[in-house]
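Assemble the whole structure, with the sequences as input and the hints as a guide.
Residue strings, one per chain:
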Amino acid sequence: MTATLAVRRSGGGRQLAGTGTLLRFALRRDRVMTPVWIAVNALMVLSMPNTLRNLYATDAERADLLRQMAANSSLRAMVGPVFGDSLGALTAWRIGVYAGALAAVMSLLIVVRHTRDEEESGRAELVASGAVGRRASLTAALLAAAVADAVLAVLLAAGLARLGAAGAVAFALGAAATGLVFATTAAIAAQLTESARLARGIAAGVLGAAFVLRAAGDAATDDGSSVLTWLSPLGWPENVRAYAGERWWVLLLSGAAVAVQAAVAYGLAGRRDVGMSFLPTRPGPAAGRLASAGALAWRLQRGGVLGWSIGFFLAGVVYGGMTEGAADLVGDNERAREIFERMGGQSGLTDAFLASMIGVMGLVAGLFVVASVLRLYGEETSGRAEPVLAGAVGRLRWASGHLLIAFAGVVWLMLLTGLGFTAGYGGEAGPILAACLVQVPAVWVVGGLAVLLYGLLPRAAVAAWAVAGAVLLLGWIGPALDVPQTVLDLSPFGHLPKLPGGEMRWGPAGVLLGVAAVCTAAGLAGVRRRDLES
Amino acid sequence: MTKAITVSGLHKAFGRTHALDGLDLEVEAGEVHGFLGPNGAGKSTIIRVLLGLLRADSGAAHVLGRDPWADAVEVHRRIAYVPGDVTLWRNLSGGEIIDLFGRLRGGLDPKRRAELVERFELDPTKKGRTYSKGNRQKVALVAAFASDVDLLILDEPTSGLDPLMEEVFRRCVEEERERGRTVLLSSHILSEVEELCDRVSIIRKGRTVETGSLADLRHLTRTSVTAELAGPPDGLARLPGVHDLDVRGSRVRLQVDTGHLDAVLRRLSESGVRSLTSTPPTLEELFLRHYQDEVTA
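Going down the list, the protein sequences come from chains A and B.
To convert, note that position 304 of the first sequence is 304 in our numbering; the numbers rise steadily by one, no gaps.
Just so we're on the same page, our numbering is the position in the second sequence counted from 1, plus 534.
Don't read these hints as lab results, they were simulated from the structure.
A few of these clues could be false.
Partial chain B-side listing against chain A, Cβ under 8 Å, derived [stated by the list, open to error]:
# : residue
1 : 613
2 : 664
3 : 738
4 : 741
5 : 743
Predicted, not measured: the structure shown is a model, and the values here were computed from it.
Ideal Cβ placement from N, Cα and C applies to all residues, glycine included.
Dropping the structure here:
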């Protein structure tokens, strides 16, 4: 007994052997992905002071905003309470939750990518057979996330320092701490399940629950003091009160959460074998009913479609619910009205807000369509398409199964969005559904471009993500950043009629449908003609 | 139609690499045809051309009398394919995948499927991600052997199988032959090819360098002879086809081109043979000879 204990102790120092090498390796593998996440987050935050300075130029306007926020619980649910009228305080209010949430998504992706993904693929085994300690890979993954969060914090603090150093540091630490908390959440999730996809889902689910808790808490009180807010890691950064009498001790909560979660993750990791998990993998049926490539495509994508469906419907309900309040809020502000009208296209404020929010949902649907189309690429490069295509299945039939889900899925998601908006807003369903469906041609253009890339330049297929991302940024923050109209027109969404409220123009919608059809057809012709990638 | 596969003068380049460089291949209907070659010789490339997954740059290929690229779907109804490295969908069970593969071909014989699952000792309820390499291989093998098809294309199908399962595999291939099906078996396990195959093609650098029955191929190569004689031998070195002659007193070791074996034996018996061992070339030697040409070249 003492002998084994001694062995364990002497092994203790070696548990971390190789962590440095693995960390360098992880950072090298993430050399594109992580900088992009950090850059998007920093850009989003650092562009905010200018936008807000334009929006609320006078003291009177700011005082008005504070009064409105105190009265408007649905808006507080979206962005949290506001604690001061300085530009820094307004920035922390407007973007704090989202900076933290984005850091959280980045961190959880990094951690799962370097832990469960590696185990599931079997690569971890090869690594573990080297002179690598038992805790090295988990530690390296957490450190990789910590490095990313630290870089983000430095950028945010430096960028916001001109508004006041203490507030900048508080804001940056709040965002980075949220990232770290969810890095350790992901570390636990990665121990629980054998599937990296599910581990990501669990961690993202916790993040979603944290958002809902904070939203409920902030709707209930106007100073972040609700128990619900305190229960949510996403509620802590607002309670640090950057630029409004910083309460540094709140950061200790994040620190404690990180310590506890990391301890749990290490504890679980130490009690399991490489590649195994705590949630048992349920056995499947001994015989199957899948009989076609189309049925297989649906089986592979149905979980994803379900997740997106829930998200789109809930987002519709939430945005719909805050429509009245938002219209009231921007009603008095000339500049804000201008931005919404630029996004939404009309002078009726409620309609403009609805149109701009539905437009945002259309932009997000672009991400769905790219993810769904690129399943083809994943199937092909993983070698799983090969045995299917070696069966009596033509290339077109194989591809069309996935594409049908992608393109019909867009219509389905926009319909659900419309139903959500109707439920939340309580208005007439017809115009809102029409406004949602009018997004479809533009989303299909994004999908068509993805098919085109996949069919003709399969090795560049992931560039479809860049297309969807660029379109998303242009449509979401382009109008607020005074991007020239000619650049906004590059996005297919720039050509859509602004519904509800605006006039339906069939011409542009028809042209977009044509572009989407031509791109898809050209891509499919490429799929038929080219060699299969291996 | 007696040819299951005919390939002539097939070329396929990936950028500057010529994976196939005028390859010829003929597989008779109903035979088990072995397909040998060192790594990178182009075995998997030709198989992927035969499956219509790659398009050849030039040359002609016919599978079951059809063009594998243009008539891919028709051809595939009558083909079962097992790759050397099977990847499965992580969240589908082995049983689901077997049935899917069967339905994507000409259909599946449920009795044979059940029997094969038993013989290969496969648990079909496990999810794709939990199978080991050998078990993933078994999923594809069960699906292939239970499918109602005319031609099986097996690309190093036994990688990862244990010796017992390899034995099951060999028996399954024998059964396929008895049922009149054609098998193209690419393999590195020479004993497997030697035991199972009616004819063999050896390819190297994208060309077929040797093709024929094992007996034919042996005829082209050398037999090793070791003999203990009554007296010192005479004139062996002058005989045509003799190589690596090593005489130590009355003990003789030599290699002889198999076509000249008769003359050598007659000369040996003139000296009085006390004991004699003659070893026909193994496939391994055949293979190594072609391989070593490459190494020394």
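For each hint, the structure was consulted:
| no. | hint | verdict |
| --- | --- | --- |
| 1 | 613 | holds, 7 Å |
| 2 | 664 | holds, 6 Å |
| 3 | 738 | violated, 22 Å |
| 4 | 741 | violated, 21 Å |
| 5 | 743 | violated, 25 Å |
Hint check: violations occur at hints 3, 4, 5; the rest are consistent with the structure.
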